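Fit chains C, Y and U to the given chain F structure using the hints.
Residue numbers (our numbering), protein chains in the order written: chain F, 3 to 270; chain C, 3 to 270; chain Y, 31 to 336; chain U, 31 to 336.
Hints in this document: simulated from the structure, not taken from any laboratory. Remember, predicted model here, so these are calculated numbers, not experimental data. We put the CB at the ideal spot given by N, CA and C, even for glycine. One should not assume that every hint holds.
As the list claims (entries may be wrong) - Here are the computed lysine to any residue pairs in the SDA-like style, where the Cα-Cα straight-line distance is at most 20 Å:
| no. | chain 1 | residue 1 | chain 2 | residue 2 |
| --- | --- | --- | --- | --- |
| 1 | Y | Lys296 | Y | Asp308 |
| 2 | Y | Lys181 | U | Cys182 |
| 3 | C | Lys77 | Y | Ala330 |
| 4 | F | Lys77 | U | Lys329 |
| 5 | U | Lys181 | Y | Ala191 |
| 6 | C | Lys77 | U | Cys182 |
| 7 | Y | Lys181 | U | Ala174 |
As the list claims (entries may be wrong) - Looking from chain C toward chain U, a few residues come up when the C-beta cut is under 8 Å (computed):
| no. | residue |
| --- | --- |
| 8 | Val40 |
| 9 | Met72 |
| 10 | Thr93 |
| 11 | Trp95 |
| 12 | Met104 |
| 13 | Arg108 |
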Amino acid sequence: MSSMQVSEGTKGKELVPGIRATEIMAAAGARELRDGEVVIVGLGLPEVATVLAKRTHAPRLAALLEVGVMNSVPKDTPVGLADSRIFYRATCWSGFLDVMGMNLHRGVVDAGFLGALELDRFGNINTTLLKQESGKVRYINGSAGGNDVASLAKRVMVIMRHEKRKLPLAVAHLTSPGFVGGRSRQELGLRGGGPWRVITDMAVLGFDSVTHSAALVSLHPGIRLEELIENTGFPLHIPKEVPATPLPTAEELRLLREEIDPKRVYLR
Amino acid sequence: MSSMQVSEGTKGKELVPGIRATEIMAAAGARELRDGEVVIVGLGLPEVATVLAKRTHAPRLAALLEVGVMNSVPKDTPVGLADSRIFYRATCWSGFLDVMGMNLHRGVVDAGFLGALELDRFGNINTTLLKQESGKVRYINGSAGGNDVASLAKRVMVIMRHEKRKLPLAVAHLTSPGFVGGRSRQELGLRGGGPWRVITDMAVLGFDSVTHSAALVSLHPGIRLEELIENTGFPLHIPKEVPATPLPTAEELRLLREEIDPKRVYLR
Amino acid sequence: MSASGTVGKVKSAAEVVQGIPSGAHIALGGFAIARNVIAVVHELIRQQKRDLTISQGVVGLDTDLLVGAGLVKHLIMGGGSLDRFGPVPCVNRARETKSLVCEDYTSLSMCFRYLAGALGLSFIPIKSLIASEVLERLEAGAGAGDVQRMKCPFTGEEYVALRALTPDVSLVHVQVADREGNCQIDGPRWENEEQAKAGRRLIVVAEEIVSTEYIQRSPERTIIPGHRVEAVIHQPFGAVPTAVFRRYDYDAEHLRLYVEHAQEPKRYQEYLKKFVFDCRDHSEYLEKLGGAKRMEQLKADPVLGY
Amino acid sequence: MSASGTVGKVKSAAEVVQGIPSGAHIALGGFAIARNVIAVVHELIRQQKRDLTISQGVVGLDTDLLVGAGLVKHLIMGGGSLDRFGPVPCVNRARETKSLVCEDYTSLSMCFRYLAGALGLSFIPIKSLIASEVLERLEAGAGAGDVQRMKCPFTGEEYVALRALTPDVSLVHVQVADREGNCQIDGPRWENEEQAKAGRRLIVVAEEIVSTEYIQRSPERTIIPGHRVEAVIHQPFGAVPTAVFRRYDYDAEHLRLYVEHAQEPKRYQEYLKKFVFDCRDHSEYLEKLGGAKRMEQLKADPVLGY
Chain F
3 MSSMQVSEGT KGKELVPGIR ATEIMAAAGA RELRDGEVVI VGLGLPEVAT
53 VLAKRTHAPR LAALLEVGVM NSVPKDTPVG LADSRIFYRA TCWSGFLDVM
103 GMNLHRGVVD AGFLGALELD RFGNINTTLL KQESGKVRYI NGSAGGNDVA
153 SLAKRVMVIM RHEKRKLPLA VAHLTSPGFV GGRSRQELGL RGGGPWRVIT
203 DMAVLGFDSV THSAALVSLH PGIRLEELIE NTGFPLHIPK EVPATPLPTA
253 EELRLLREEI DPKRVYLR
Chain C
3 MSSMQVSEGT KGKELVPGIR ATEIMAAAGA RELRDGEVVI VGLGLPEVAT
53 VLAKRTHAPR LAALLEVGVM NSVPKDTPVG LADSRIFYRA TCWSGFLDVM
103 GMNLHRGVVD AGFLGALELD RFGNINTTLL KQESGKVRYI NGSAGGNDVA
153 SLAKRVMVIM RHEKRKLPLA VAHLTSPGFV GGRSRQELGL RGGGPWRVIT
203 DMAVLGFDSV THSAALVSLH PGIRLEELIE NTGFPLHIPK EVPATPLPTA
253 EELRLLREEI DPKRVYLR
Chain Y
31 MSASGTVGKV KSAAEVVQGI PSGAHIALGG FAIARNVIAV VHELIRQQKR
81 DLTISQGVVG LDTDLLVGAG LVKHLIMGGG SLDRFGPVPC VNRARETKSL
131 VCEDYTSLSM CFRYLAGALG LSFIPIKSLI ASEVLERLEA GAGAGDVQRM
181 KCPFTGEEYV ALRALTPDVS LVHVQVADRE GNCQIDGPRW ENEEQAKAGR
231 RLIVVAEEIV STEYIQRSPE RTIIPGHRVE AVIHQPFGAV PTAVFRRYDY
281 DAEHLRLYVE HAQEPKRYQE YLKKFVFDCR DHSEYLEKLG GAKRMEQLKA
331 DPVLGY
Chain U
31 MSASGTVGKV KSAAEVVQGI PSGAHIALGG FAIARNVIAV VHELIRQQKR
81 DLTISQGVVG LDTDLLVGAG LVKHLIMGGG SLDRFGPVPC VNRARETKSL
131 VCEDYTSLSM CFRYLAGALG LSFIPIKSLI ASEVLERLEA GAGAGDVQRM
181 KCPFTGEEYV ALRALTPDVS LVHVQVADRE GNCQIDGPRW ENEEQAKAGR
231 RLIVVAEEIV STEYIQRSPE RTIIPGHRVE AVIHQPFGAV PTAVFRRYDY
281 DAEHLRLYVE HAQEPKRYQE YLKKFVFDCR DHSEYLEKLG GAKRMEQLKA
331 DPVLGY
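Next up, chain F with everything else stripped away, as it sits in the complex (with noise of 0.2 Å):
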């Protein structure tokens, strides 16, 4: 589904010599997931970091897909949640009601993994459209699995690509709500804790607990703060002591690059 598609354009940026943005996107992402989690996952890089975090320090997570795929093994890579080269070594394959319904809304998902089109300061998602500068409307998407993941796991983790237009102060369409105009969870009347993490292949990004709205977790090695602010459409919270993403390690890249990711299909 588009809304949990691989985040376009880092084709083969390196942020220090030797280690691509994606390499350290995915490497972020992994480390937000703990054993024994249930997470909903999509293609990509969030398939890639949940693979990793399952090869690494969380053997037990549960990675479950919205049509109904949990903990599937591919061989090789697919194209979709549709491609059946998603559907192999699964534990279960079951549907929409059991993973959305029986899980999901039920409260037992603890993460899940959203892409975009846009991401706002609060948190909020758009999958459906974008509009022209002329006021032209592209529809793109819609939700598919995405507004329900926003409304209803206990942690959204986003990975997208760094881009001022991409991370406007409003979305242009509220596909996925966040924080909404910087209200409280329960304030909206939502179950799911709401938007935890934004790994862009510039920075990792956080809420603030107060204000709801963006604030700078860490900047990749190789991006300066300018750089960022730059390229960020909102304003963000910045610590005053500004923490460096960690790069991954030795072992996590050997699985990257040699197991999990070999065609570098994700890890461009």
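Using the frame of chain F, we list chains C, Y and U on its own:
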């Protein structure tokens, strides 16, 4: 389930020489089913009647058991719905949600067979408890699927023994609604068509379309009208001409005796 | 360890029951005389877990044992029966002596209450119950807070809203599970999927532990995924004397013996003493039933499944 | 003949489509580029069934074809995509030019709407949609009569009530069915069970017709029971160029060709002429794609399933 269990006490009773009451009941039940209909069955005479219908005029009858079994062809006689003997050669094994939810509640079940501890003049059924003359209550089974079938099937058929205490003016506990208080199903807010036929070892009863109270449809051969009235605890509409319940045909008797219940487990 | 733990999930019935507190709401996955979690029920009796709330679609031997042992204070059920072996004697006696609170539903309304729980809905509408004494008794009694007449916001049609059931612990007996708790059930599944997934905690009893590779060969048959399961009790013949399709038949002889004892409180205590209290575990109980030889007799024909 | 008829249920796509009127609400069981009922969709275009309402969890090639052919007036969907081959070009263009009315839901809310329909409930509550523009647009637009904010009668929690979907015709592509319509699906089933059973009429397209004895060997895999099915269309490779797990892979080449043509209305007409209008039936279409030789290339590896 008890609410669908075999009617007792008609053991070997022959109404006309060579034909048992149970055989007349089974044939009468079968004749109430039309080809292509969907029926929720219980064990005992309802099952026998359904199989007879399938082997004669209704080969495409879909026979559903509430536990999630469709169109099974038992090789050995089951003792109840929880008996694995009833699962044999089914075309579908699912569960309550499918049979009782996605079929019965969905409104596609044409007919449901129920048993009864008591049935009153408006076709209300009691399967929960009996009140002894001392006022003491004896609990028996409860509703199980009985109330659901009575509420939702297009036609409800009851097969039971004809006894005054089992056919009182008002049931001791209204487990499954018929035409409660003589009201129409629409007035009651119920979707199903309500009680249609009560097949006993003396007669076939129906319900008057205006007053919704019990009416004689046909009297079994060998039963006198006075005998019937004496053994019925509520007033019965009696037509001017009382038709006789058709006897099973020679072919029906052959099927019942040689193929469907050769051991006379239910056709006692 | 919770379902999220890294310690193995395979445990003994005794260990599992130690983790179930008195006063818990336990949902049982058995149906009349099929797939009852007898191994766990016996252990609940041995460990004397009291003041239980039990919910079940159609109660059978499992609930009857617990009620007979005096451990149940509240029963939420859709019906009850031991099939041809008669009604549930201890449950009915307890109701007659008013020694337990009972909410009587129907098969579908129980299934819907579990479905709502499994889906994380706090309520679900239904068109059964209406115009029946079943509903009136619920409204006037213990179910007053769990049923509510309402209208469809679109059509105005009258419904009964049912409150979701979210048992503290759901127990289900299955034919196979892997060590992670991925479960596959042979035969009809009554309300097991909804009842299992409605539980806040979920514990399964498996006749056989299979490899995850076995599960991966037919993942469309996984009714309960492992990540929902807190513990797997590996107990062959764990449901005897009730039936487990494709594994073994019900033990008609023992069921008759049970009913005979259960008719009368004093004799029932003798039954409990002999078959529950005087057995250290399920193996000792199976020995009393005739051990390996008897189990061989009950074993299912591979084609017929019973 | 209706589902209750005694005449055989196995029919051609052309026969079945003759029985679907213009203006009907059709629910499609495909998902993006998997198990699309292409054989029926082509026939709907050939027979020019107009003013259709189409509902689908995640729309894919099937709906895009119908919208591109100008036959759809109302679309009810949870999302849309051709996976890696891009967004749904005809659907998005039609939305941009406002040539169709579109109700945008989410995967789960579509599934819940079908579930309510399948269960015979006129509504069902959900905790998605809240605080989103998805809900606001529904309330302000075509979905105004289908969503309604409400509170749980027990907890007071806020929900969105969704009106049930009960399509006039549900269409599903399955791997196997018997002549009575008993269907088994390999792989994940997305919202197929609910979507199929919500339909007032249900028509399935089967890759293979099997005997009822085959179905009876694994009845736990029967997702759609035959008595719900009005007609079975036996059409091997009936979903090409979309994938059918364990039967064949998606045809990447043809999907690219489709997207290329669909970018531009005039070229799209060329596509329709060549691959739909100029084909008498699905066999001729398959011939144009390369016939038996091409199908052999697409055929799935029996272990991998693609």
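Going down the list of hints, with the structure as the test:
1. Lys296/Y / Asp308/Y: holds (16 Å)
2. Lys181/Y / Cys182/U: holds (12 Å)
3. Lys77/C / Ala330/Y: Roughly 14 Å between the alpha carbons, so the hint for Lys77/C and Ala330/Y holds.
4. Lys77/F / Lys329/U: holds (18 Å)
5. Lys181/U / Ala191/Y: holds (12 Å)
6. Lys77/C / Cys182/U: violated (48 Å)
7. Lys181/Y / Ala174/U: holds (18 Å)
8. Val40: With a minimum Cβ separation of about 5 Å from chain U (threshold 8 Å), the hint on Val40/C holds.
9. Met72: holds (5 Å)
10. Thr93: Thr93/C check passes; min Cβ-Cβ to chain U is 5 Å, inside 8 Å.
11. Trp95: Holds - the Cβ of Trp95/C comes within 8 Å of chain U, reaching about 4 Å at its closest.
12. Met104: holds (5 Å)
13. Arg108: With a closest approach of 4 Å, the Arg108/C hint holds.
Consistency with the previously given hints fails for number 6 only.
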